[in-house]
Amino acid sequence: MSNYTISIRPFGQHAILIEWPNIVDEAILEDILQFKTYLTKNFLFPEKWEIIPAYNSLTLVERNFPINFNVLKHNIMQWYSEKSAVEIKREKNLWRLPVCYTTDFGIDIEEVATKVNKSVEEVIALHTSKSYTIYGIGFLPGFMYLGGLPTGLEVSRREVPRQKVIKGSVGLAGKQTGIYPQQSPGGWNIIGNCPVSMFEATRENPIFVSVGDKVEFFSIERAEYDLCVIENQAGVYTIQKIKIDA
Amino acid sequence: MLKVIEQGLFTTLQDQGRFGFKDKGVPVSGSMDVYTTKTINALLENAPNATVLEITMTGPTLEFKASTYICIGGANFVVTLNNEPISPYKIYKVKTGDILSYGKLNLGFRGYLAIKGGFKSKVVLNSASYYYPITKSRCVKKGEELNYDEYEDFNPKISELKISSILNKRELKIAKGPEYNLLNSSQIKQIFTTTFSVSNQNDRMAYQLKEEIEGLSYSMLTSATLPGTIQLTPSGKLIILMKDGQTTGGYPRVLQLTDRAICVLAQKKYGDTVSFKLL
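In order, the protein sequence lines correspond to chains A and B.
153 is the number of the first residue of the first sequence in my numbering; add one for each residue after it.
7 is the number of the first residue of the second sequence in my numbering; add one for each residue after it.
Among these hints, one or two may not hold up.
[Stated by the list, open to error] Under the rule of at most 20 Å between Cα atoms (straight-line distance), these lysine to aspartate or glutamate pairs were calculated in the DMTMM-like manner:
| no. | chain 1 | residue 1 | chain 2 | residue 2 |
| --- | --- | --- | --- | --- |
| 1 | A | Lys200 | B | Asp265 |
| 2 | B | Lys44 | A | Glu214 |
| 3 | B | Lys182 | A | Glu214 |
| 4 | A | Lys282 | A | Glu356 |
| 5 | A | Lys225 | B | Glu156 |
| 6 | A | Lys241 | A | Glu182 |
| 7 | B | Lys142 | A | Glu368 |
| 8 | A | Lys282 | A | Glu214 |
| 9 | B | Lys128 | A | Glu383 |
| 10 | B | Lys128 | B | Asp155 |
| 11 | B | Lys142 | A | Glu352 |
| 12 | B | Lys275 | B | Glu177 |
| 13 | B | Lys71 | B | Asp155 |
| 14 | B | Lys126 | B | Asp155 |
| 15 | B | Lys128 | A | Glu182 |
| 16 | B | Lys126 | B | Glu156 |
| 17 | B | Lys9 | B | Glu156 |
| 18 | A | Lys366 | A | Glu182 |
| 19 | B | Lys148 | B | Glu69 |
| 20 | A | Lys327 | A | Asp365 |
| 21 | A | Lys282 | A | Glu306 |
| 22 | A | Lys393 | A | Glu383 |
[What the hints assert, rightly or not] Computed far set for chain A versus chain B, every beta-carbon distance over 12 Å:
| no. | residue |
| --- | --- |
| 23 | Ser209 |
| 24 | Asp260 |
| 25 | Gln385 |
| 26 | Lys393 |
Think of the hints as simulated: they come from the structure by calculation, not from any bench.
Backbone N, C-alpha and C define an ideal beta-carbon position, used for all residues, glycine too.
Excised from the complex, chain B in its bound form (with noise of 0.2 Å):
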């Protein structure tokens, strides 16, 4: 058991999402930052699948209750091991009583902590990511304890990693949308010109973004979204679909964010600025 002693801002459990309810309105939801949680799930030799805890802005207090092995990564936060600070992308055994305390987050938004065989958590519609009402919690809370399985010997085939960090990167990485045709040049200019930033309308549901261009009224009948998926409204509002983003929408979808693009921006928060390229 992992005990939650602080439960930080919004601390949820994520894994790669709940796939083949799309066409019954179900969110794909899942860790908004796959990158960083398939390379930590790697380094612990986890199926990229395995569940971790997804940490926003503000991180939890957490004590073990037994042994295993965890591993970091994603925003840079500094995180204390029984107050010893820790490195991200490098494994550490931790034994029962030991405290993991998130502290000041220097860079990006979302922090992520994996541990030996992912957390186990009630799978609901094939996955154990929290989606209210899906799941029963929206996320986790003071005083709950998070299941794991104990590990006493693990020898890890990598130990530490270095990796290129995304927390720097401004620029996202876009495909056209299908209704892109849509846009006239002065909205492409505009698009591709400006440098955005973000709105504190951000969540795991959407992005939107501050500065609005020229608006696009076009009535469509309703028709499937994605995550990353970018629309934009009569008023000129930029509204980015993320990984709880509804399913279907009527706004024109005018650009597509590449995977790694929704990773780049699931580390952004409220007035970090990005810039679209297209690939």
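Chain A with its partners taken away, still in its complex shape (with noise of 0.2 Å):
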């Protein structure tokens, strides 16, 4: 793989920040996160560094002690150009999540149907018509900033947030759908709810998606729902996981 043009910028006494062209493109983020599995493997290990991709950057994180900026901006030119010649293999999936489309879980489906000059059953098969890729995880644990969303269901945020919108809540904003992990303010368009919980402190794996995998959404019926709540809270939920080829 070709390589990008990286800038590399101090930030504060710990970490260090690599950027890659400011355009959202997979070919960009999947660079990154091979970057990143080339790092964690051979230089900067978990014990002692944090690593966190984002759309186009990737922030390297030592846990006590202050970085040398210089030495280690000189090391990360090397490490990158080193990198293209290597083959670099990485776990990634295809995450199958379900979700309930139902107007008192997507209070607001109704509403952005209207706006987007579609019926309520034509949002549901564009909203799981798609692979959504996630660009990167955060604003609260386990929340995916997912990109792809089809042009037709670009829809702007609520002009007033809501104090509350419940845990699993499926949003549309500008470009972007997601879940909410768990119940916050929010001022994304609600469509409806996923039942899987994407942040579970109890599980073995409390979050199980990861930067660079991809997401779908199927539709399923309220029994089906409440079946799964079920299934979740018992813990004998599986969810559906496809492996990619990287």
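From the two separate chains plus the hints, produce the assembled complex.
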């Protein structure tokens, strides 16, 4: 893979920021994640370093000690140029998540349908038609920044944010769609609810998704939703996961 | 066990934080004033990561159910052990039935109580630090009992320490943040000449400053944020992320507090003033 032009900037005493060209692009994200894998395996081990990918950036954070910016910058340039010569294997998954789009959950779905000049059924069909790419996880534990929303579903954020958006709410805002992993205030248009907990502290893997993974939604009836909630609580729900070759 | 008789305004268990989950959106959490917690843990010869109680503005009343040794520090509260005042940064032995009571806050905002061996609390994602919903509790509740190991005999190498307090400090040392270069000369001048005051929007997630400066409208892709990151919003608000702060953000990260400056700010409450100085 050819290398991009990257810029490296200091980010306080413990961190360094590496930036790729300022665009939302899957090839750039893949390059970032390959570099992350390369760094984690060879140079910056997880006991001492946290590496946070998001859209066009990678932030490296040292746990305890201040870093030497110039030395690290030099090393990063070196490692980045070496990376293109090695083959990097990286695990990548597609997660299929159920969403109940009924109006008791999708409190804004009728309004959204009107705004985008479609029927509610067409909104659901469009929302479930795509694989979305996880460009970042942040804002709340397990909150995914998903890219790849069909242009036909772009609606602006609600003018007045809600004080309470319930856990599992699936929202639309601008070019983004996502799931609220816990109850929180929020300004997105809510079109449904996903019964699978995106974050569960007691689960073996509390947050199963990773940046670079893909997400698809499929529509479920209310009865299936209720069953899924029970299965989740009992810890017997199997999340649909498909391995993708990176 | 330590029985919580009165819980105080916002009392939490904290260690040095939750490392290794930022890429999943999990804040680091942990003690807001690491400088204090490291000091009192060191006096008790605890590991730096030993779990302590963080006490905010109004403190708790606590009853010990087993003998141990304690040390308090951070904000200057009137603290009594069985109605006798005790001093910070000094080791005290406590026995079953002893009552530790937090009274008036004189200076600072966050007090800390360290206990020999640290509090024994459930570790979730590598840390005992409270952060809801990662931990079940948001804060320590009245009637709750906190676990600790019993100690009868402990001869500390140092039993009392005179420390140079950070409670009176107002100057926050900062480094340039990744988007510092987007600032114009007037914004830079405003940042370094204004005495800022802490707004009522201040908690473990973020401190907002009351005085606004010229805003910065810049559309950037969401990227990582850290404790101590200062974001500048389009309307000119300065938002300083703290230990429970979100791990990513979309506002320009114009400045970054030093570790020590995070501790200094953690001791400020609504209305207190601060100023910035570049490293």
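Each hint tested on the structure:
The hinted pair formed by Lys200 (chain A) and Asp265 (chain B) meets the criterion: a straight-line CA distance of about 17 Å does not exceed 20 Å. Between the alpha carbons of Lys44 (chain B) and Glu214 (chain A) the distance comes to roughly 18 Å, so the proposed pair stays at or under 20 Å and holds. A hinted pair counts as satisfied when its Cα atoms are at most 20 Å apart, and Lys182 (chain B) with Glu214 (chain A) qualifies at roughly 18 Å. With a C-alpha separation of about 29 Å, the suggested pairing of Lys282 (chain A) with Glu356 (chain A) is violated against the 20 Å cut-off.
Among the hinted pairs, Lys225 (chain A) with Glu156 (chain B) is inconsistent with the structure: their alpha-carbon atoms are about 49 Å apart, more than 20 Å. Annotation: proposed proximity of Lys241 (chain A) to Glu182 (chain A) holds, straight-line Cα distance about 11 Å (limit 20 Å). Between Lys142 (chain B) and Glu368 (chain A) the CA atoms are separated by roughly 30 Å; this puts the pair beyond 20 Å, and the hint is violated. Between Lys282 (chain A) and Glu214 (chain A) the CA atoms are separated by roughly 37 Å; this puts the pair beyond 20 Å, and the hint is violated.
This hinted pair does not check out: Lys128 (chain B) and Glu383 (chain A) have alpha carbons roughly 25 Å apart, beyond 20 Å. A C-alpha spacing of about 14 Å is found between Lys128 (chain B) and Asp155 (chain B), which places the hinted pair at or below 20 Å, so the restraint holds. A threshold of 20 Å between alpha carbons decides the hint, and for Lys142 (chain B) with Glu352 (chain A) the separation of about 11 Å falls inside it, so the pair holds. At most 20 Å may separate the alpha-carbon atoms for a hinted pair to count; Lys275 (chain B) and Glu177 (chain B) meet this at roughly 15 Å.
With a C-alpha separation of about 10 Å, the suggested pair Lys71 (chain B) and Asp155 (chain B) falls inside the 20 Å cut-off, and the hint holds. Taken as a hint, the Lys126 (chain B) and Asp155 (chain B) pair is honoured in the structure, with Cα atoms around 8 Å apart against an allowance of 20 Å. The hinted pair formed by Lys128 (chain B) and Glu182 (chain A) fails the criterion: a straight-line CA distance of about 37 Å is larger than 20 Å. Distance hint between Lys126 (chain B) and Glu156 (chain B) is fulfilled; the C-alpha atoms sit about 11 Å from each other, no more than 20 Å.
Of the pairs offered as hints, the one joining Lys9 (chain B) and Glu156 (chain B) holds, with about 14 Å between alpha carbons and a cut-off of 20 Å not exceeded. For the hint pairing Lys366 (chain A) with Glu182 (chain A), the CA-to-CA distance comes to about 12 Å; that is within 20 Å, so the pair holds. At most 20 Å may separate the alpha-carbon atoms for a hinted pair to count; Lys148 (chain B) and Glu69 (chain B) meet this at roughly 11 Å. Of the supplied pair hints, the one linking Lys327 (chain A) and Asp365 (chain A) holds, its CA atoms being roughly 18 Å apart against a limit of 20 Å.
A hinted pair counts as satisfied when its Cα atoms are at most 20 Å apart, and Lys282 (chain A) with Glu306 (chain A) qualifies at roughly 14 Å. Proximity of Lys393 (chain A) to Glu383 (chain A) is assessed by CA-CA distance (about 17 Å); at most 20 Å being required, the pair is judged to hold. At roughly 5 Å from the closest C-beta of chain B, the C-beta of Ser209 (chain A) falls inside 12 Å, breaking its exclusion from the interface. Distance check for Asp260 (chain A) against chain B: the nearest CB is about 22 Å away, which clears 12 Å, and the non-interface claim stands.
For Gln385 (chain A), the non-interface assignment is confirmed: its Cβ lies about 15 Å from the closest Cβ of chain B, beyond the 12 Å cut-off. Residue-level check passed: Lys393 (chain A) sits 16 Å from the nearest beta carbon of chain B, beyond 12 Å.
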